[in-house]
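Which chain is which? The protein sequence lines are E and W, in order. My numbering numbers the first residue of the first sequence as 1 and each following residue consecutively. My numbering numbers the first residue of the second sequence as 1 and each following residue consecutively.
I should point out that these hints are in silico values taken from the structure, not numbers from a laboratory. Don't take each hint at face value.
[Unchecked claim] 25 angstroms max Cα-Cα, derived SDA-like pairs, lysine to any residue:
no., chain 1, residue 1, chain 2, residue 2
1, W, K37, E, D390
2, E, K20, W, E44
3, W, K56, E, F33
4, E, K180, E, G132
5, W, K86, E, P13
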Amino acid sequence: MAKCFALMGWSLPVIESMQKLNKPYVVVSFPDFEGYAKENNIPFVSYQFNEWSDTSNSLDLFEKLKAYDVDVAVPLFEETVEWAGALNSIYRGDPRVLNRAFLFRNKAMMKRKALIGGLRVGLFEEVYNKEGVKNFMKRLNQANLQIEGEQDSWVHIKPFASAGTVGHRLLKSIQDIEDKCQESDFPCLAESHLPGTEFSCEAFIHGGKIRFLNITEYVKLGYSNFIPEGHHLHTKRDKIMKEMQKLVDLFGIEYGMIHPEWFLTENDELSFGEVACRIPGGHILELAGKAYDFDALGAFVLCHDPNLSEEELKEILPPLDARPKQFYGNVMIYPHKDVINKLEIPDELKEESYFLDHNLIPPYTNQKINSREGFGNHFGTVNFKGEDPDRMTELLLHYENVDFYQ
Amino acid sequence: MEGFIFTFYAHSEIYSFILKFCLFMHNQVLTDNTYQKFEEQFKEFSQATALTRPEKARKMMGQIDLLIDSTEGLKFIFQNITGLSKAGIFEGSPWADPSKLVASLVNGTLKSGHPNSTIEILSELRLLAIAKGKLEFKGTSPFDAENFIQEVIVANLEFVFNEPLEETRLVMSGHELKKVHTLFKFIAEKTELDNVKEKLVEELTLICEQRPVVTEKQRKIIALVKEKIELDPKNELDARLLRFQRCIYRPTINSANKDYQEYKKLLEDLSKDQLREESAEMSRAMLSFGLVSQYQSVLIIFLIQNGHKELIPLALGLSEAGTARWNEFREFISNLILKTIHPYNAQCIYGLAKMLESGIFSREAVRSGLANMLTIKVHPDVEARILKSTKTPHEKISALQYLMGALFRVLGQPLGVGQGNNPTCQSARGISMWSQHAPAKLIHLVQTAATYNDLTFRFEAQEIKSSEVGLGLVQNLDHNLDAVSVTLVPMLDKVYNEMMLRASGRGEDPHKWVNPALYGQWIQIGFASAYDYLSNAIVDFDGFISVFYAMCHPEYNGGYRLIYPNPVGIFITSAKGDMLGFHAVSLLRVDIDLKGIYRAYFLNPNNEGRQDWGQGIKPSVYGNGELYGESSLPLQEFAARIYAFHYNTLEAADKMNNVPDVEIQKIKKLAKESWGRSYTWLEIKKLW
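So that you can see chain E by itself, here it is in the shape it has in the complex (with noise of 0.2 angstroms):
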């Protein structure tokens, strides 16, 4: 049993789930939350995540945290990762932890690491500016034997350590590059596209094993997901657990919780596409811990502590083989307009049955949307439950192009 958890980052719910799981933890993040903190009894330690320097560094906060007896960091966003891997290095004796957080912020590592050990992924390759972004493309085209006329070969660019779409573009030709390719994108990593549906897994892993296994269908990524997976993706279950033994393996992932992407083609075969080790996005774990019925994400902390006994494992994650009735799904709403005044909830929607609820926010008079970075910022989210997966597709996809703002 950890005597004390860190958590890496400021996440409301985390700490909620930890106080009613009466865990010992100590919440590490910005000046910022201090107040906060304080006034709902919330242990805290301030720190400049950003801030790498003699006075701010892991042995500096190490020290600090020694006053909370903390033995288990853990990382609850992208930026915090390092800094765990850091301190559960410390904390387990083991350097090779930090390597490997490491391995996690830098995708073009994480890919090449996924390669050696066999795992099927795209072409990809480091690039500095725009020449080298196009220089890839032309050398796809080739690989692909294109003619004269057709169509350049898709290249996705994205930041090596950014979480989830942030910065991600997806180039469909050589014109694309000129156009959406800014300065700041580079260096990055370019990688071919994947062909095939993409899913996420999410894998609580202790001593090495993964203890539970949730997957993810992606509707459309960035916008929509719903768990557990639909009937199709579910019969290659016993497939992809195989497949995450093996990332699990070849990454030395020891204890924590992976959230892989994947994409399965129509043979049936599965490519690796990145992995993270932080709390996922579009709320997943809200979804699963809904869909499974467990606090998934005490359960995520809870995995990180090497000293976790069976009983309590067995306590706070569902069965293995745990096949929930009733499917949650959500789509996230972006305002189709330049400028939007209303918020309007068709009808259509407040009389469907699956419809669960939403949490959108109105806008204020004349409100202009910046250009969307990544995904952008959504303006919320609805959620739906219901029994049948297809029609949960149905759904997600049609409201993706609902236009709820005017």
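Could you slot chain W onto chain E? The hints should help.
Okay, now just chain W, sitting in the frame of chain E:
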């Protein structure tokens, strides 16, 4: 006996059948799992700790928002309101304590959209539950709750009758309108409308007793009552509502069941004596509430055009003095009437009558100004503002005609000038003061502003031109104003703001210099302020009050009366006495009222008749010796809310010692226990 038992069972079976049927109906209207979803969310909400409660509450509100646009959904939420309230849905919000809610704010909140409108509706449902004894709430009795709901109904008649004002329609979505209308339908059914009738009479009286320049509000209420509530002349309350109605829709027996064109034909058949009677009856209707009907304009124009000018004083309800002035300037005023008055621009007749009474026609400058006004060409921007402020502009009436009409009203009813929903009390105060004491200056300002859409003022030997300075306090003018105000206020507001900028940073309240510069030489040069800029505190409040009483209290100022309005800065406090902000009023006079106490009579440009400043301080607008348009308070209570005023420095010095300390301490106690709690108080003495 057996038979009796049989019927009893039969009834209860029918009853349970009806119950089942009702539930079945519920399920049809609301989707099958609505209840289950609500339960699920309610559980999540109640189990959340303080950390994630706001987020859970937001989701819950999102669902309630969707439910309450149907009567079924609203009923369902009403059935659950006790649970919601106890689970803390209102906690940490301005709606937490129902005893602190303000009925007059409900309308604005409902218009501001979800989530505010949703929680506001929940709040009304909670009050209804309290009123019906379904829910107990400390500090709010069923009686309080019932009263609050009635006040809300009266202030939201547009929603009760589902006839939203044009601006309401603009700001609210269809869904929001449905929500709010559903609410009012629901609470109106559950509230005794007879009691609302009484509030309607009270509301109409409060408005009309102030004789405001803008009469849209009372006309709207009267029209809605006419359309939607059956009135029985034998019922006393109904009869009082009918009196209001008749002023507009049937001012004389001859006008009954006729439109104004038919009425005009009828006039042609009347004898001189009958016309005389008609005129007297017509002016009585006007004078009772200051409301003018279309018929009166027809009558007045008819009398002038058909050689009955001698009946005009009767038709305007003039006194002997007023009649004498009519006789003196008969041709001039007849011309003004024919060029201005129209059945769709009739309200100005009341203002014209009051101008004749006050005698401002006797001033050559006023007559010249009005004659000039008739010849101007209105600037297109000003024209647009005027037409926007006129709810339903009539094609045959020009913007200039509306402007002239508004000028009659402002000049005839200086104390009826209001600021509408604008933070422009300063400008309204100025228009009112010029109208009383410098009418020709006002006319000239209007003439310049209307022609050039610009104004210039002098401030400390420099010129300020409104078109060349920065923004004023108001960026989106609320156009529920008279045409004179929409012409002047945007410019006055900018000029005022520029003066404030130029006078700031001097370590004293800029109003010391701005008031005399903006309003003119009627303002005393001396300026007393309770607040000290340098020490950021209330300094020598005793001295401040001594100067105030030495300035205006007849017992200490040598028995003098005030001559010109004194621009006074006051603290606005809530019904709990908490500091809310600052406001500008004009102190007009101090007099002994019918009960023998000294009262301050003042102009409050916000035209609000229903005010509660806490500590039992409630300004009244009638019944305590107020002239139309005046507000009043016992002088001591007024003094307990002021923070700045002007005075004559030469007079004050030797009179301020007359003021007994015991009087000062009474005021100081009221001040310290209300707005004073927001300030530091220093007792050092100042040289006044």
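Name the hints, by number, that the structure is in violation of. none
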